[in-house]
Each structure stands twice: as C-alpha cells, then as structure tokens.
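So the sequences go chain by chain: W and C.
Read in order, the letters of the first sequence are residues 1 to 155 in my numbering.
Read in order, the letters of the second sequence are residues 1001 to 1203 in my numbering.
It should be emphasised that the hints constitute simulated quantities derived from the structure, not laboratory data.
Careful: at least some of the hints might be erroneous.
Claimed, not checked - With a straight-line cut-off of 30 Å between C-alpha atoms, the simulated DSS-like cross-links for lysine-lysine are:
#, chain 1, residue 1, chain 2, residue 2
1, C, K1135, C, K1198
2, W, K37, W, K111
3, C, K1098, W, K146
4, C, K1178, C, K1098
5, W, K13, W, K77
6, W, K149, C, K1114
7, C, K1178, W, K149
8, W, K146, W, K77
9, C, K1010, W, K149
10, W, K149, W, K77
11, C, K1010, C, K1198
12, C, K1114, W, K146
13, W, K149, W, K111
14, W, K153, W, K13
15, W, K68, W, K149
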Amino acid sequence: MITIGIGELNVCKVPESLVTYALGSCVGVCLYDSVMKVAGLAHVMLPQSTPGSTSNRYADVAVVNLVKEMEKKGASKLRLTAKIAGGAKMFESVSNNSIGNIGDRNVEAVKEMLRQLNIRIIASDTGANYGRTVYFYPEDGRLEIKTCKGVSKTI
Amino acid sequence: MSINRNENSKLDFLLEIGNIGSGNALTSLAEFIDRRVDMKAPRLEFVDFNELFGSVGGVENVVSGFLINVHGDVNGIMLFLLQNELASEVCDILLGSKLIDLNALDELHVSLFKEIANIMAGSYISALAEMTGLKITTSVPDLAIDMAGAILSVPLIHFENVFGQILLIQNSFSVDLKEYNSSIFFFLEDESIAKLMKQFGIE
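Using the sequences provided together with the hints, build the complete structure.
As structure tokens, this is what we get:
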C-alpha cells in the first residue's frame, strides 16, 4: 500500500495499491487505465496554482502531472477514466471567507482540468461535511471510501 | 530552513504568545471542569503537513475540532482538538454520564462543548488583548467531529492559500496528569504577528 500525503501524488500497478488518508476539503483524484491496469492518485489541496508553481498541492498542476506519471507507467491518456472523492465542507458555519467553500472550489477545479484533458469522470463522492480516507486498487479500478460516520462505500 | 536572528526572536515571541494564551485558556478549562490541567512544552514550527498529524494521535484519529475565527487588530484561526476520551471525561464530569460515541452527540453536548471552547478561546484572546491594548474578537466556535487530518487541513489550507508558509503554535495539555493528545492551535497571519510584536516592543 503506497500512502499519498497531502499535496502529493503517486501511481502504481498490481499488486501495489494506493491510499490517501483523511481528505477533508481536499480532493482525491483517481485515474485509471483498465487495459494496462495502471492506477494513479493525487491528493489536491487547493484549486488554482500561482503562476510558475509546480506544486502538486494545486488541482491544475496535479492533474496534469498525474497524467504524465500514468503515461510513464504505460497508461494511455485516451483510455484514462477518473473517480473523485472529497471536497467536504468540514465546518458548517465558516462560510464568510475562502475556507468555507474551498471544498466546492477544489471539486470544480478538478472537474474543469479533467474536462480540458478529455478524461471522463465515471464515479464521484464529493461534498457533504465529513472526512474521507480512500483506497484505490489497480486490479479493477475500484475506489473504497471510508469515513468515521459509518458511511463507507465502494465506487 | 535557516533561521536568522530576527526569525529567532519572532519564534521566541510566538512561543510566549502560545504560553500566555494557552495558559489562560487552560486555566479556564480547569475551573470549568474542576480538574487539574497541565500544559506541556509548546511546539512552534513551520509546518510540514504530513508530519504534523503524529502529534494529534494520527491522521485518522477521530477527534472533536473547534474552529474559532479571530478578527480585529489581529487575524487568525484558533483550533482546539479534543480527544474522544477527554470529551467523554468532560461529559462525565459535567453531565454525570460518559459519552460512548462522539457521533451520537445531542444538542446539549454540542452546546456544552461549544461553550467550553468559547470560554477557552475568550481567555486566550482576552489575555493577548489586555497585554497589547489591541482590539481582538472571536467568533462563535464551530464544531466538527471527524478525522484529525480532515479537521486540521482546514486552517492549513486557508493559510497555505494566503501565505504559502504556515507557522503554527501548538500547546498540548493533560487533565489530571493523564495525557489526552489534545491541543490548542493558533494560526496567525504574518501581518498580525508583526502587529503583536510591535505592541510588545519587539521589532
């Protein structure tokens, strides 16, 4: 199991798998090539990079870099599909500033990047007000989502 | 990261802020729950997100997080992380029954916890305000019960968003000599740090 920290990304093939813990307003972007069985996961913190930034903390940078890493492992960009999870609003009343809706903005930024790259989102579990830990498996591209609210699922 | 002399005096100053503020906040807590509360040596550093979570019992550890916005002459975010066991202990002390499941909080628990957080934040901030003569106010605490990582990422993201680097003041504490891995965090904007230092006569 390869752990992906906040603002990091990684890719793997069978028998490895990927995990990222405690996504709050961050978004887990999972890309998959079902032919080559290559899986990639990015833990995105913020929607938009500042000019010149190369940090994978940002949705716009991370999605592009994740595709590149997938291709290095033999994936074809044309076959990639995406699943996304996270983007919660952890604190209900904090809505008068940028913290409040950062989850939504992260989700929108990720969707926009995927749209630009013509990568289809085939499943998602975003929003709400709880954290998510996600496990992503290259053998079948399944994404397991665990929460502390008793809401666990596979998409 | 290399730290020059100016940075060092800034760090010393912030440690002191944490000690004064958290000291007052924990005194309020001790009075409220009528128990001995001890503060541990503070931790102050430029945060590496992925290493921070060890100090709160692990990234997936379920905790109660209270977020308080700090406004006025000084702007920042205060965050209290309370371990499940401590929250349960507090319920036992004040309501006469332990709390088994944090997810099963009712309105009474929520308002009790928020009141405690409110009193702690108020003590922290009023101590700073009195010493500096600055006007500082706190918002009503907002409560989230979730994985520590998901909660801590909220202020981390906010400050990364604005400044690119995060300076964190963390004070851990024990209750009746028992360690609960509970902490008080104060995330301050750079401008506010400068203002506080000026008021204390440190340039």
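Checked hints:
| no. | hint | result |
| --- | --- | --- |
| 1 | K1135/C / K1198/C | 14 Å, holds |
| 2 | K37/W / K111/W | 23 Å, holds |
| 3 | K1098/C / K146/W | 26 Å, holds |
| 4 | K1178/C / K1098/C | 17 Å, holds |
| 5 | K13/W / K77/W | 16 Å, holds |
| 6 | K149/W / K1114/C | 20 Å, holds |
| 7 | K1178/C / K149/W | 27 Å, holds |
| 8 | K146/W / K77/W | 28 Å, holds |
| 9 | K1010/C / K149/W | 41 Å, violated |
| 10 | K149/W / K77/W | 36 Å, violated |
| 11 | K1010/C / K1198/C | 11 Å, holds |
| 12 | K1114/C / K146/W | 27 Å, holds |
| 13 | K149/W / K111/W | 26 Å, holds |
| 14 | K153/W / K13/W | 22 Å, holds |
| 15 | K68/W / K149/W | 35 Å, violated |
In this structure, the hints that do not hold are numbers 9, 10 and 15, in rising order.
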